[in-house]
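Participant: Protein chains in written order, with the numbering used here: chain D, 1 to 237; chain W, 1001 to 1431.
Treat the hints as calculated values from the structure; they're not laboratory data.
These figures come from a predicted structure and were not determined experimentally.
We treat Cβ as the ideally placed atom computed from N, Cα and C, and that holds for glycine.
Warning: the hint list may mix true and false statements.
Here are a few chain W residues that face chain D, going by a calculated C-beta distance under 7 Å [to be verified]:
| no. | residue |
| --- | --- |
| 1 | Glu-1063 |
| 2 | Trp-1094 |
| 3 | Leu-1341 |
| 4 | Ala-1380 |
| 5 | Arg-1381 |
| 6 | Pro-1382 |
| 7 | Gly-1386 |
| 8 | Pro-1389 |
Label pairs and their in silico Cβ distance ranges [said to hold, decoys possible]:
| no. | chain 1 | residue 1 | chain 2 | residue 2 | range |
| --- | --- | --- | --- | --- | --- |
| 9 | W | Gly-1216 | D | Ala-93 | 36 to 44 Å |
| 10 | W | Leu-1015 | D | Ala-188 | 51 to 59 Å |
| 11 | D | Pro-226 | W | Ala-1246 | 57 to 65 Å |
| 12 | W | Arg-1093 | D | Ser-31 | 53 to 61 Å |
| 13 | W | Ala-1055 | D | Ser-31 | 57 to 65 Å |
| 14 | W | Ala-1055 | D | Gln-178 | 41 to 49 Å |
| 15 | D | Gly-81 | W | Arg-1259 | 50 to 58 Å |
| 16 | W | Ala-1380 | D | Tyr-54 | 48 to 56 Å |
| 17 | D | Ala-230 | W | Ala-1246 | 45 to 53 Å |
| 18 | W | Ala-1055 | D | Ala-100 | 25 to 33 Å |
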Amino acid sequence: MRWSFWWVWCAMGAMCAAGPASAGPARIEDSLAQRLAACTTCHGKEGRAAPDGYHPRIAGKPAGYLYNQLRHFQDGRRRYGAMVALVDPLPDAYLQEIAAYFAALDLPYAAPLAAREDAATLARGRVLALQGDPSRQLPACRACHGAALTGQLPATPGLLGLPRDYLVGQLGAWVNGQRKALAPDCMATIAKRLSGSDVTAVAAWLASQPVPADSHAAPATREPPPMACASVPKRQP
Amino acid sequence: MKRWLLALLLLTPLLAGLTLWLDGEQPLQDAAAPSPTPELIARGRGLALAGNCAACHTARGGEPYAGGRAIATPFGTVYAGNLTPDADTGLGRWTAAHFWRALHHGQGFDGRRLVPAFPYTEFTRITRADSDALFAWLRTLPAVRQANRAHELRWPYSTPLALAGWRLAFFRAGEFQPDPAQTPEWNRGAYLVGGPGHCVACHGGRNALGATADAGFGGGLMPTRDGYAPAFTRAGEASVAAWTEADIVALLKTGASPRGRADFRTTGPMAEVVMRSTQHWPESDLRAVAVFLKSLPQQPDPVPEPLREPALVAQRVQQGSGLYADHCAACHGEAGEGGQLPDGTWAAPPLAGNRLVTQEPAANLVRSIALGGFGAATEARPRPFGMPPFAHVLSEEQMAAVATYLRRSWGAQASPVQPLDVARWRGSNAD
């Protein structure tokens, strides 16, 4: 009886002897998280933004928005060498899968950093975000980015939970043409109507706002956007 | 003294005139243009894929083959032309004879000399029949009205005289001549590699004036892309002399070729070539290329030089070892054995014994660490695993340490990498 298990002991002994001497190839699970490790070194663990205050969160953004951005990098409408080099060789179906993967991640947001700007600047930013400035044909951010500024399906991103430097950088890029979308490029039109102090104010206010408990993007609406916009697909009537 | 000066003053325009005359316009060779049958057009499309014409002639986000893409060279920026059949801005007024002259003699519609960034130094080997097929296919593209942008070459490279002199020195027109001592398959491979595929444009290296003439396949740094195109003639670089034909075909078809305990990958510009070009080639053509590449004469790998500062290198290896354990080992294995999925396919290639790690110069290793990348996404591997870029995570000194550790571990004795090498090769975010 005791001896009938001799082979078990032998096998275990052999495994222990072989174990530490040669670990062998690393075991890697076949998951999108592993396939997309290239994204998360910069965009943070699970795409929840990096601590460097620049690389934005991608987790939970609308899939349509993320997919559009990947295509913009491929087609030269957005420019950032590291992103371009990564997405350049990827086929469309994979880009859609990547966008859907990060869009579906439902992760908590960190509390916003305290704003460095004065109260007047923040108040101005708040007005621009929530009411806009009709005298300058500036729609409010919330007119397109969701009433709670958490985005609107299918392709408009939320504006909360993003680093201030990233927001300033992107608005600046819209103004000087470094960042584009397909025409009609509504965001480029709006950004060019903003002054430098508008950009500072609205970015500072947005970055200082906590993300509401329901951080999900608002459902798609039948309301037409305040101006023609290729990023908002027309709904069939 | 005065007499010399006078002679020089007289001789210079004479020589210049002679150069321009010797490199004069070639007559158009009209031939009975074949009728554009579906077979001819399909063949032309295959040739466009083989030559990867779109890589240069399609701008980022632009209309296919409408040109406009900027190509940086050490002599200035050139802009690829519009190949669509638009009458005013593309090839609309061209005939098959014009097109053949462009490929074969490097001369444009009006006989103007073309800049050799357009690789007519290789395309001159393309047969007239293939040229006609390619042209017939280009005629089927939708015409795009997009004017060509003038090149921005620095003086004196911008002058007709410089181009004429360059062509006299480095360009000989000549269709591919099959070697009767070789098999038809070998000759097909030699034609594809030397003509439409223009592999030598990168893998042959270029001289100081940017010429690939008589380059062979000894490898070379790509002057403006900061990468290294490895030699087909050295076992330690990209030689496939010891590979099976099936392994070579797999690499060009899928972008990866697992061979025993190694997983060969194409990276950087070659991954693009696999994705946009070679994965679409017929298997018979890939096999022909394999036969030809296997037959190339081989050279011994260089003997590693003794270390100049062994203590400093040992310190860098030590530092690199810690960084490797922290950042790399989870995917590439504790001792560079690579990383495998549960079914045994490679997700992360082994680094022990990896030629990309040890080849000289270490440009591609540095670029892999700094920029990461997904490698080639192909029909066979449509969802590749991505290597993260580490340029944001590691300093140049740290990247040099990791690279040096890899190049001095697990039996490797390649030269150490300095932080300055990293600065030179890491690439930039400027695109």
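Participant: Quick one: which hint numbers does this structure break? Sort them smallest to largest.
Facilitator: Hints 1, 2, 4, 5, 13, 14, 15 and 16 contradicted; others consistent.
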